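Protein chains in written order, with the working numbering: chain B, 1 to 142; chain R, 1001 to 1433.
Any given hint could turn out to be false.
As the list claims (entries may be wrong) - As a list, the in silico EDC-like pairs of lysine to aspartate or glutamate whose alpha-carbon atoms are at most 16 angstroms apart:
| hint | chain 1 | residue 1 | chain 2 | residue 2 |
| --- | --- | --- | --- | --- |
| 1 | B | 3 | B | 55 |
| 2 | R | 1200 | R | 1225 |
| 3 | R | 1386 | B | 37 |
| 4 | R | 1384 | B | 97 |
| 5 | R | 1059 | R | 1272 |
| 6 | B | 12 | R | 1413 |
| 7 | R | 1415 | B | 29 |
| 8 | B | 59 | R | 1413 |
| 9 | R | 1408 | B | 40 |
| 10 | R | 1393 | B | 40 |
| 11 | R | 1384 | B | 69 |
| 12 | R | 1386 | B | 117 |
| 13 | R | 1045 | R | 1026 |
| 14 | B | 12 | B | 37 |
| 15 | R | 1386 | B | 97 |
| 16 | B | 21 | B | 61 |
| 17 | R | 1386 | B | 61 |
| 18 | R | 1432 | R | 1362 |
| 19 | R | 1322 | R | 1217 |
| 20 | R | 1415 | B | 61 |
| 21 | R | 1204 | R | 1272 |
| 22 | R | 1408 | R | 1368 |
Keep in mind the hints are simulated off the structure, nothing from the lab. Predicted, not measured: the structure shown is a model, and the values here were computed from it.
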Amino acid sequence: MVKQISIFLENKSGRLAHVTKVLGENGIDISALSIADTTDFGILRLIVNNPEKAEEVLKKEGFSVGLTDVIAISVEDKPGGLYKALAILAEHSIGIEYIYAFVGKRENEALVILRPDKPCEAIKVLTEKNIKVLEQEDVYNL
Amino acid sequence: MQYWNPTYECMSREDIRRVQFERLVETVKRVYHNVPHYRNKMQAKGIEPGDIKSLDDLKSLPFTYKDDLRVTYPFGMFAVPLSEIIRIHASSGTTGKQTVVGYTRKDIETWSEVTARALVCAGADKNSIVQVAYGYGLFTGGLGLHYGTEKIGAAVIPISGGNTKRQIQIMKDFGTTILACTPSYALYIAEELHEAGIKKEDLKLKAGIFGAEPWSEQMRREIEEQLGILAIDIYGLSEVIGPGVACECKYKCGLHINEDHFIPEIIDPETEEVLPEGSVGELVFTTITKEGLPLIRYRTRDISSLNYERCECGRTFVRMEKVCGRTDDMIIVRGVNVFPSQIESVLLELGETAPHYQLVVDRVGKLDMLEVRVEMTPQMFSDKVKNIESVEKRIRSAIESTLGISTKVTLVEPKSIARSEGKAKRVIDNRKI
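Here chain B stands alone, though its shape is the one from the complex:
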């Protein structure tokens, strides 16, 4: 499983800039991100090369920060590629809290971050069907 860092942000200008500034100054590299937004706040979710350090430096800056286990999978970069993985989860009634894609990609592969409601079972069923689930090291160094 992969450690995702999540940050509570008020909906006002400059907050996202502040987060990226702190991460940049501490040499932390972002490899995937997404924002869930509501009227008043947003939750920024990041995959970075050093999640523990990111958590530490952001907490020091006063942010509400959390570390969550998510899974990273690699799917074929062609029409129907993502469907193949999601169909397996649907078949096993595994729900997805949220999903987002990586900034970069590998040749012929698209990388996707998933937060399933049953992570261990999700990994098991995906691996059984030959969907590639990435290890921490694979992801952090992308």
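Following the hints, put chain R in place on chain B, whose structure we already have.
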């Protein structure tokens, strides 16, 4: 020992009213003749001492505000010559000039009497060892409890506040049975005891008498649990006499006001009308035995209510509800009085400590809108939107059921609510009325 002075503490309502009336008449005469400031105030209202013909005439008398004490600073409200004053205290002037209070020998005697009653409420007797960890000095906390302890013949440890390691050492070595300090300091002592590996079983502590700041029931439970004691609330303000104006008994449902010395009223802070029994409003005190600084209808700014029902403990003195806020902080939203402390107690239910919060009132069209901004805490945070939204919803419905009005709850980032001197500014009123 169940009561310190049952003659007064368990007096019938009829007798209390009789004693109060006699003493009120005498007090009004004294301030009229000896305090020019009061004479002027009464003349301005067209009232003379002879107009006080029953206890109900109290409400025709003018109020005394903290400002009256400021404009007559330092000794202008004293009703006796300085030669009769044997003690002077002063309140820290956080909101302006400090206020000065003077005591005659009889006033010190009265003060000792009321704190003695409070200590007996906490279970003290002459075998008790009372550690007074309130500050000694100009502040009335320390010396007030000190004299009460001596009066009942218990042993007082006048350690004053601070130096927690020493507090703990003495508490353990001397076998302190009663601790008197602010509730927040009691919690701090509890933490330090834990750090030092001292268990509550290693101590002889039985009760604590805590006051000088507002505290919640939640805080009481924590103190009682961590120190293994009975924790009771004591109320007072230096202008009226100091700690001992009122105190809880072991049943902890309201503080018995020493009505043979102080007459309480509850008024609407806006209209200044006396409110019917049981209503929540501003607490007003008239002192009826004080010589040095007698006060007529002193506006405390503290919010409470009065309960005249008979208490299980047998005391007949009226009980004031634990002070739940200050009128200075009160806001009126859609006709409903809202105190920040009400919001605080709702937030306390969510976790061990209340997060920082702020109330923002605005008028949108013709309607008042109350927004409660709450700083995110680690317990509330989640990577899922629906979890955070459900926290918001929980806070909103809890506040709505407490206040009876709808609010908007907004979660904000930690430390984003401006603080001055460590305290957050609780209310922002943007209405232009």
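*16 angstroms Cα cutoff - pair residue 1408 of chain R, residue 40 of chain B*: Holds, because 11 angstroms separates the two Cα atoms, which is no more than 16 angstroms.
*Would you check the hint for residue 1059 of chain R and residue 1272 of chain R, treating anything up to 16 angstroms between C-alpha atoms as holding?*
10 angstroms, holds
_Pair hint residue 1322 of chain R and residue 1217 of chain R, alpha-carbon separation not exceeding 16 angstroms_ = 9 angstroms, holds
*Would you check the hint for residue 1386 of chain R and residue 117 of chain B, treating anything up to 16 angstroms between C-alpha atoms as holding?*
Holds: residue 1386 of chain R and residue 117 of chain B sit about 13 angstroms apart, inside 16 angstroms.
*asked:* Just to be careful, I want the Cα atoms of residue 3 of chain B and residue 55 of chain B compared with a cutoff of 16 angstroms; is the pair within it?
replied: 11 angstroms, holds
*Would the pair residue 1415 of chain R and residue 61 of chain B pass a check requiring their Cα atoms to be no farther apart than 16 angstroms?*
Given that 16 angstroms is the threshold and the Cα spacing comes to 10 angstroms, the pair holds.
*Assess, step by step, whether the Cα of residue 1393 of chain R is no farther than 16 angstroms from the Cα of residue 40 of chain B, and give holds or violated.*
13 angstroms, holds
_Next pair to validate is residue 59 of chain B with residue 1413 of chain R; report whether the Cα-Cα distance is within 16 angstroms._
Holds, at roughly 11 angstroms.
_Against the 16 angstroms threshold, does the CA-CA distance of residue 1384 of chain R and residue 69 of chain B hold or violate the hint?_
13 angstroms, holds
_16 angstroms limit on alpha-carbon distance, applied to hinted pair residue 1045 of chain R and residue 1026 of chain R_ = The hint is violated at about 19 angstroms.
*Holds or violated: residue 12 of chain B with residue 37 of chain B, Cα cutoff 16 angstroms?*
12 angstroms, holds
*asked:* Given the hinted pair residue 12 of chain B and residue 1413 of chain R, is their Cα-Cα distance within 16 angstroms?
replied: 11 angstroms, holds
Violation of the numbered hints given earlier is confined to hints 7, 13, 17, 21; the remaining hints are satisfied by the structure.
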